[in-house]
Amino acid sequence: MRTAWIALGLASVFVATFALAQGAADKRRSGYQDMGEALQKMQDDDTANPGMLFVQLGEQLWSQPAGAANKSCADCHAAGSMKGVATRYPAIPKDAASKDVGGPVDLEGRINLCRTANQRAEPFAPESRDLLSLEAYVASQSRGQPIAPPPDPRLDPFRAQGAEIYRRRQGQLNLSCATCHDDNAGKKLAGVTIPEAHPTGYPIYRLEWQALGSLKRRLRNCLIGIRAEAYAYDAPEYVALEIYLMDRAKGMALEAPGVRP
Amino acid sequence: MTNVLINAPKTARPGEIVEIKALILHPMETGFRPGTNGRIIPRNIIERFTATWNGAEIFRMEMSPAIAANPFVSFFAVATESGTIGLRWTGDQGFLVEEQVAIAVG
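Those protein sequence lines, which keep their order, are chains A and B.
For the first sequence, this note's numbering begins at 83 and goes up steadily by one.
For the second sequence, this note's numbering begins at 16 and goes up steadily by one.
To be clear, the hints were calculated from the coordinates, so they are not data collected in a lab.
Predicted model only: the values in this text are computed from it and were never measured.
A virtual CB, placed ideally from N, CA and C, is assigned to each residue, including glycine.
Treat the hints with care, since some could be wrong.
[Said to hold, decoys possible] Computed Cβ-Cβ distance ranges for the label pairs, DEER-style:
{"id": "1", "chain 1": "A", "residue 1": "Arg250", "chain 2": "B", "residue 2": "Glu113", "range": "52 to 60 Å"}
{"id": "2", "chain 1": "A", "residue 1": "Ala120", "chain 2": "B", "residue 2": "Glu62", "range": "22 to 30 Å"}
{"id": "3", "chain 1": "A", "residue 1": "Pro235", "chain 2": "B", "residue 2": "Thr51", "range": "40 to 48 Å"}
{"id": "4", "chain 1": "B", "residue 1": "Ser89", "chain 2": "A", "residue 2": "Gln115", "range": "24 to 32 Å"}
{"id": "5", "chain 1": "B", "residue 1": "Glu114", "chain 2": "A", "residue 2": "Arg225", "range": "34 to 42 Å"}
{"id": "6", "chain 1": "B", "residue 1": "Thr26", "chain 2": "A", "residue 2": "Val183", "range": "50 to 58 Å"}
{"id": "7", "chain 1": "A", "residue 1": "Ser210", "chain 2": "B", "residue 2": "Ile82", "range": "23 to 31 Å"}
{"id": "8", "chain 1": "A", "residue 1": "Gln142", "chain 2": "B", "residue 2": "Ala117", "range": "17 to 25 Å"}
{"id": "9", "chain 1": "B", "residue 1": "Ser89", "chain 2": "A", "residue 2": "Ala230", "range": "20 to 28 Å"}
{"id": "10", "chain 1": "B", "residue 1": "Ser89", "chain 2": "A", "residue 2": "Asn303", "range": "37 to 45 Å"}
{"id": "11", "chain 1": "A", "residue 1": "Ile306", "chain 2": "B", "residue 2": "Ile82", "range": "25 to 33 Å"}
{"id": "12", "chain 1": "A", "residue 1": "Pro235", "chain 2": "B", "residue 2": "Arg54", "range": "51 to 59 Å"}
Chain A extracted, bound-state conformation (with noise of 0.2 Å):
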């Protein structure tokens, strides 16, 4: 009988202990996790993500000479060295020389500051299809890495600007993002339930965008959603949005590219 008790005692432990590990375990929802189904299949599926085709146009984009230098991104980077790269951007960026260049950038900003020094070429316009390709493609590199922003102390000045931006109410709907992503996240607006914002999937292929875009987009999709004036598309705010984005979001698994309804 008491070996029974001690048996069950353990056994409660055990339940116990297991139950502290998953409730120490993310709280965090990714948007995958309140999709339906069928979309989270459509995202799993390589063959039927249509981010998937941006990928593979990034991968052949990679190999393809650019610029004034006729170099490809392949002609420096070997295949595969993109792994865990898009889990620690925006980050301050270094030259070839390994020196930093200029404030902190996302990662299609790496790119193009990629495209500008070393390929010496124009760089993409915001949310051109060849600027997402290769961002896709370089981000479906770390597919399944953590959120991994780098420990760099002259971030935390964006850092906190991005979390000051977060949470400032703004628009004519007089909303911050925090209303609705901190304080209501997991109610219904407009039908569809409201996400915790984390930045798992970008870019993102969104169904109803019926295109791939980046997290700036949906940035500014939020921000005309709150009757905001939108930032340019070039405006330091958004960097440190995803900074701030990034830092929340820390060791959850990188989806790119996710779909979205």
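Knowing the structure of chain A, use the given hints to seat chain B on it.
The following block gives chain B in isolation, referenced to the frame of chain A:
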């Protein structure tokens, strides 16, 4: 430029029902939307999709402007003999893409 994703089994048993899935990059511009200059963007859609098995047509589909960009088509066929499955998309502005995949039945 490769802009098609095809998912078909490489092998099948005789008489087995196989699913063939094909995704293609295409804007499917309806011809009803005005562009930023206010003028109507000319229609640019895929009009027809056909699939053949060793040359014999097994599936045909006519597409309309209401179909979303990058159309995804899935259909079933009974595997009878080894050979190639041919997929062909034709549409406005001279659009033509042909792809082939091999399948071994036995």
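Hint by hint, here is what the structure shows:
no.	hint	result
1	Arg250(A) / Glu113(B): 52 to 60 Å	holds (54 Å)
2	Ala120(A) / Glu62(B): 22 to 30 Å	holds (27 Å)
3	Pro235(A) / Thr51(B): 40 to 48 Å	holds (43 Å)
4	Ser89(B) / Gln115(A): 24 to 32 Å	holds (25 Å)
5	Glu114(B) / Arg225(A): 34 to 42 Å	violated (25 Å)
6	Thr26(B) / Val183(A): 50 to 58 Å	holds (52 Å)
7	Ser210(A) / Ile82(B): 23 to 31 Å	holds (24 Å)
8	Gln142(A) / Ala117(B): 17 to 25 Å	holds (23 Å)
9	Ser89(B) / Ala230(A): 20 to 28 Å	violated (37 Å)
10	Ser89(B) / Asn303(A): 37 to 45 Å	violated (30 Å)
11	Ile306(A) / Ile82(B): 25 to 33 Å	holds (27 Å)
12	Pro235(A) / Arg54(B): 51 to 59 Å	holds (52 Å)
In this structure, the earlier hints numbered 5, 9, 10 are contradicted, and the remaining ones agree with it.
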